[in-house]
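A.B. asks: Spelled out, the chains give:
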Amino acid sequence: MSWGEDKRMVLRWIAGRPVETLLLVFGISLGIGSTAAGIALAGRAAEESGKILSSTRYREIVVTVRENAEEMDRPAVVRLTNTNVILTTADLAARGEVPDVRNAYVADMTNLPFGNTPDFGGPGGGPGGGPGAAPGGASTSATAAAPGTAEAAAPGAALAAASGTQGASDFAPPDDGGMMPPDGDGPPGGMPEGQGGPDGQRPPGMEGRFEEVALPEGTPTPAIEEARGYQVSPEFFSAWNMAAAQGSLFTIQDIAKGEPLLVLGSKLAVTIYEDGKPLGRQILSRRQLYRITGILEPTGTDYDSMAFVPAVMAELSGRDAFARRFERFNTTLHFAVADSTRLEQARSQLESWFDAKYGEGKVVITVPRAEAEATRDRNGRLVTVILFLAVSALLIAAANVTNILFGRALRKRRSVGILKALGASDAAVFRLFFLEAALIGAGGAVAGTVLSVVLSLLMQRTMGFGGLAAGFLALGVAGATVLVTALEVFPALQAARVPAAEAIRYE
Amino acid sequence: MIRLSGIGKSYDLGTVQVAALEDVSLTIERGEYVSVMGPSGSGKSTLLNVLGILEKPSSGKYLLEDHDITQLPDKEQARIRNRHFGFVFQSFNLFGELSALENVMLPMGYTGAPFAQRRRRAMELLDRLGLKERLHHLPAMMSGGEQQRVAIARALANQPDLILADEPTGNLPSEKGEQILGILEDLNRQGTTVVMVTHNDEQGRRAPRRLRLIDGKITEDTGAALSAPGAVQSAPGADR
Numbered sequence: 002m003s004w005g006e007d008k009r010m011v012l013r014w015i016a017g018r019p020v021e022t023l024l025l026v027f028g029i030s031l032g033i034g035s036t037a038a039g040i041a042l043a044g045r046a047a048e049e050s051g052k053i054l055s056s057t058r059y060r061e062i063v064v065t066v067r068e069n070a071e072e073m074d075r076p077a078v079v080r081l082t083n084t085n086v087i088l089t090t091a092d093l094a095a096r097g098e099v100p101d102v103r104n105a106y107v108a109d110m111t112n113l114p115f116g117n118t119p120d121f122g123g124p125g126g127g128p129g130g131g132p133g134a135a136p137g138g139a140s141t142s143a144t145a146a147a148p149g150t151a152e153a154a155a156p157g158a159a160l161a162a163a164s165g166t167q168g169a170s171d172f173a174p175p176d177d178g179g180m181m182p183p184d185g186d187g188p189p190g191g192m193p194e195g196q197g198g199p200d201g202q203r204p205p206g207m208e209g210r211f212e213e214v215a216l217p218e219g220t221p222t223p224a225i226e227e228a229r230g231y232q233v234s235p236e237f238f239s240a241w242n243m244a245a246a247q248g249s250l251f252t253i254q255d256i257a258k259g260e261p262l263l264v265l266g267s268k269l270a271v272t273i274y275e276d277g278k279p280l281g282r283q284i285l286s287r288r289q290l291y292r293i294t295g296i297l298e299p300t301g302t303d304y305d306s307m308a309f310v311p312a313v314m315a316e317l318s319g320r321d322a323f324a325r326r327f328e329r330f331n332t333t334l335h336f337a338v339a340d341s342t343r344l345e346q347a348r349s350q351l352e353s354w355f356d357a358k359y360g361e362g363k364v365v366i367t368v369p370r371a372e373a374e375a376t377r378d379r380n381g382r383l384v385t386v387i388l389f390l391a392v393s394a395l396l397i398a399a400a401n402v403t404n405i406l407f408g409r410a411l412r413k414r415r416s417v418g419i420l421k422a423l424g425a426s427d428a429a430v431f432r433l434f435f436l437e438a439a440l441i442g443a444g445g446a447v448a449g450t451v452l453s454v455v456l457s458l459l460m461q462r463t464m465g466f467g468g469l470a471a472g473f474l475a476l477g478v479a480g481a482t483v484l485v486t487a488l489e490v491f492p493a494l495q496a497a498r499v500p501a502a503e504a505i506r507y508e
Numbered sequence: 732m733i734r735l736s737g738i739g740k741s742y743d744l745g746t747v748q749v750a751a752l753e754d755v756s757l758t759i760e761r762g763e764y765v766s767v768m769g770p771s772g773s774g775k776s777t778l779l780n781v782l783g784i785l786e787k788p789s790s791g792k793y794l795l796e797d798h799d800i801t802q803l804p805d806k807e808q809a810r811i812r813n814r815h816f817g818f819v820f821q822s823f824n825l826f827g828e829l830s831a832l833e834n835v836m837l838p839m840g841y842t843g844a845p846f847a848q849r850r851r852r853a854m855e856l857l858d859r860l861g862l863k864e865r866l867h868h869l870p871a872m873m874s875g876g877e878q879q880r881v882a883i884a885r886a887l888a889n890q891p892d893l894i895l896a897d898e899p900t901g902n903l904p905s906e907k908g909e910q911i912l913g914i915l916e917d918l919n920r921q922g923t924t925v926v927m928v929t930h931n932d933e934q935g936r937r938a939p940r941r942l943r944l945i946d947g948k949i950t951e952d953t954g955a956a957l958s959a960p961g962a963v964q965s966a967p968g969a970d971r
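Quick note, the sequences are listed as chains A and B, same order. Every position in the first sequence, counted from 1, becomes a number in this note's numbering once 1 is added. Every position in the second sequence, counted from 1, becomes a number in this note's numbering once 731 is added.
Source of the hints: derived by calculation from the structure; they are not laboratory data. Glycine included, every Cβ here is placed at the ideal spot set by N, Cα and C. Heads up, a few of these hints could be off.
Pairwise CB distance ranges, derived in the manner of DEER restraints [as the list claims (entries may be wrong)]:
hint	chain 1	residue 1	chain 2	residue 2	range
1	A	494	B	842	19 to 29 Å
2	A	463	B	872	52 to 62 Å
3	B	843	A	408	28 to 38 Å
4	B	798	A	23	47 to 57 Å
5	A	472	B	858	54 to 64 Å
6	B	799	A	18	37 to 47 Å
7	B	732	A	408	33 to 43 Å
8	A	23	B	872	26 to 36 Å
9	A	472	B	814	49 to 59 Å
10	A	469	B	851	38 to 48 Å
11	B	921	A	18	38 to 48 Å
12	B	917	A	396	54 to 64 Å
Derived EDC-like pairs (lysine to aspartate or glutamate); straight-line CA-CA distance at most 16 Å [unchecked claim]:
hint	chain 1	residue 1	chain 2	residue 2
13	B	787	B	805
14	B	806	A	427
15	B	787	B	754
16	A	8	A	427
17	A	268	A	236
18	B	863	B	877
19	B	787	A	427
20	A	52	A	427
21	B	907	B	933
22	A	8	B	828
23	B	787	A	503
24	B	948	B	753
Just chain A, with the same shape it has in the complex (with noise of 0.2 Å):
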């Protein structure tokens, strides 16, 4: 088709309404837009909650006792005097009776700062602060600390802050001593770290308190300061599908032990140290040493970058159980069923054997599926909303435009006329009122793109679906602008329609 001046005149009638062209424009790219997003969003939502519901997490039915879900709301007094259910792991057996539960286990979440941190310590000196630490100097310092600080622990305290500051001033390289704290950084090898720090600080006599444990001579210093994780039994592993990419998970016979263990998560296993080597070594954490056992294959979930330990949870009783539960130990029992279409079943075989033991509504339990899809349903109701407001955008918008390219194909039934008369085809005719349809619909749809991106990313922040959902966005923007470009064929269709008598009606 060559370019002639019909479509240059088009191109002119398009520039001649410049207000009416760029609301045309404008309401297109409203339309295309909004319409775009709301299918990525409803695309997202359905991604989201299909992965989401997938999760071992929501084929969980989740034990604990009245307190714990209500304690928030209670009155201290009224917690500390209470004595009632206290759960255990004995109580995984009820699994026993609920042939659909697949997976018992507990999983607690803690936190494990590294190195010998005195509760009450503050940050006064993270072993983490040791990135600077030449390994040579620290080992030669470390020989030195150890015996003092492995068999006394009362003096430790002064012989590490000696040792310390030393460790600093004399065999940390010269390069680095500017960058090291003075009081930051005992020896990576041997210093509980607490001794390290603010010395003056601790109340005299509370040094008899704690216990102080010393690495093996030459274990390297985290390089981060704590990690997150859980505190779980075995079955934690199976029901999440995980496996050891390297060495080994801890089993119930490590439980009973009461071994202090660690498993990594994989990202967490490059980062925790320098040297990215952490299988077999011993770390220290809340005054126990934890030997690394094994090291998990990634997930892609949050789990790759936390700590596992075993939970430890022997049957309690009296002042022991009144201890854990003032410090909320772990009270939460987790059963996860193989099949997600019989939580409904298994949660009220377990709450008839949870009532049969502790008494009726003594424990409270939960199943985080139902939340999760009451949630989803809440969503795709919202969406479903949102989609239809936005298509109902496309709708209105495309009438209009449609409807105002109607109007002017009315205006421009005389040029149509003499078109025709000087030789253009219903189909020429058709073609040129169709390219002015198309500029416009072009001109939305490049605007409507934009605006998707930035209406998409502020929904779906908005709604808690994160990510820019390029594939389902690009869909979407097709999908209205064909809309758009088929509404705009009737139009054209019309102007061509106009008899080429028209030319030489007399007004």
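Fit chain B to the known structure of chain A by using the hints.
C.D. replies: Showing chain B alone in chain A's frame:
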């Protein structure tokens, strides 16, 4: 060249059928200069529309060079209008968004002629019609006489065999109308067939062959007495 036989054209106005043309038979030979006269509503314009294939007759036969063209598809009819006919309208009907040059170039676009060729030919035509200084003017910036000359240049763009002029001087002062008439007569002298609808008896009588229409019927036809190229013997007032 053109042979109409038993052409009728009626408009359906809801319940009433209005006959604009009734049983019109007419032969126009190449090189003729025909004026069509008659009172308002006599069917002059309808006849012109039918001749120019702008309207389909309701009945009868239209042979152009012995081909029945009323049954041709739209695309073919458009092609014939484009290559063989040139239209000149009472109200000029130039495109207001296009310059004089572009208006003249436009019909050549449908032949697929390249831009440079369109432009060269359009400049030639406008030059011939004394509009060399007006090439890039928009119609609104030109006088009626100038606009009609642009329209004639546009009608001539594809070297038509037949010029169909619908009251070409109707919107012009008499002096300018005389000029336009002169151009048409000149074109006829060079061999182009001209059919001109006019209200103006004096102008109509200057044509070698005169048709009179009343109520859709031809009531007077002076006949193709002088049917040869250069049918117009003298052209008083023709300025070229």
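A.B. asks: Please list, smallest to largest, the hint numbers that this structure does not respect.
C.D. replies: As far as the earlier hints go, 10, 17 and 20 are violated by this structure, in ascending order.
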